Amino acid sequence: MESKRTDPEDIDFTDAELDVFGDYTDALQAQKNPDMEEYLKRCPGSADTMRPILETALLLDRVITQFRRKHPHVDLDKLLDRKRRHGTASK
Amino acid sequence: MNYAAQAGGERKGVIDIAALWREFHERVYHWLYGMVGNAEDAKDLTISVYDWVWEHQNQYDPSRSSPCTWLHLIAHSEAVGFWRKRRLPKRSLDTLPESMEPTCAGPEAEHNAAAAREGLWRAVGDLPESERVVMRLRFHDGLTVARVARVLHVCVRTVKYREARAAALLRVRLRQQ
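If you read the protein sequences in the order shown, they are chains A and B. Throughout the first sequence, residue numbering follows the working numbering, covering 1 to 91 in sequence. Throughout the second sequence, residue numbering follows the working numbering, covering 1 to 177 in sequence.
If you're looking for bench data, these hints aren't it; they were derived computationally from the structure. A few of these clues could be false.
[Claimed, not checked] According to the in silico footprint, chain B covers these stretches of chain A (three or more CB under 8 Å from chain B): (1) 18-30; (2) 36-44.
[As the list claims (entries may be wrong)] Listed next, with one range per pair, are the computed distances between beta-carbon atoms: (3) B:Ile47 to A:Pro52: 23 to 33 Å; (4) A:Arg51 to B:Ala18: 44 to 54 Å; (5) B:Glu23 to A:Lys70: 53 to 63 Å; (6) B:Glu26 to A:Glu55: 33 to 43 Å; (7) A:Ala30 to B:Glu26: 44 to 54 Å; (8) B:Glu26 to A:Pro44: 24 to 34 Å; (9) B:Glu23 to A:Glu55: 13 to 23 Å; (10) B:Arg147 to A:Arg69: 38 to 48 Å; (11) A:Gly45 to B:Trp52: 41 to 51 Å; (12) A:Thr49 to B:Val156: 17 to 27 Å.
These numbers come from a predicted model, not from an experiment. Idealized CB from N, CA, C, for every residue including glycine.
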């Protein structure tokens, strides 16, 4: 079954796509340097739509790995909190 | 249920700690038990979670998360700290892939990279809460899909769905920036 994606806020995935995504991100976190194309071969019908999603996961993994390496004691939640990041939080 | 502190309640600031304890302490304990694997440490960490809540309750923002989610994130941080202190080996920088090594790019490239990172953080911060929590547990804390499912009390497919949806939303929002 092919997934239909019209509204980005209402995204649907097939079980095969979810398995590919989950396995790929597991491999990323295990630092196995996974070959994206090998994973995409498992869902050839939706490779074109899954590729940018896997690329985004790869980007996020790299950025967070760098962040943790450079700032091991900074709470990620604070970084992601827009109020705190822009100094408008009230305590 | 309203967890705002009420007159006469056991409170310091904006949250009724006693109500949070009554409603969630068993759940927090079970989360922590699942994370650390023994009752004594789970009890100690549960107390630590509520100590932290007591000391930092003014940081709670009900517009950003439910009390349950907030407690969960605190509990998870406590559990991660527990493992970092006791078991997890320190990761050597030598084990990082080459792509993680610092580059010798010029100031303009560095500026562009910093702007891209800022855009990514902003996009992650704007994700729906359920997706943001999963992304944090998966990418920042390094939990497996199965473990995230156990911690959040949802099925494995739900974790995979939220994670994939988060990546898709990030992709869309990064393109819009």
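>> Output the indices of the hints that this structure fails to meet, ascending.
In response: Of the numbered hints, 2, 3, 5, 7, 8, 9, 10 do not hold.
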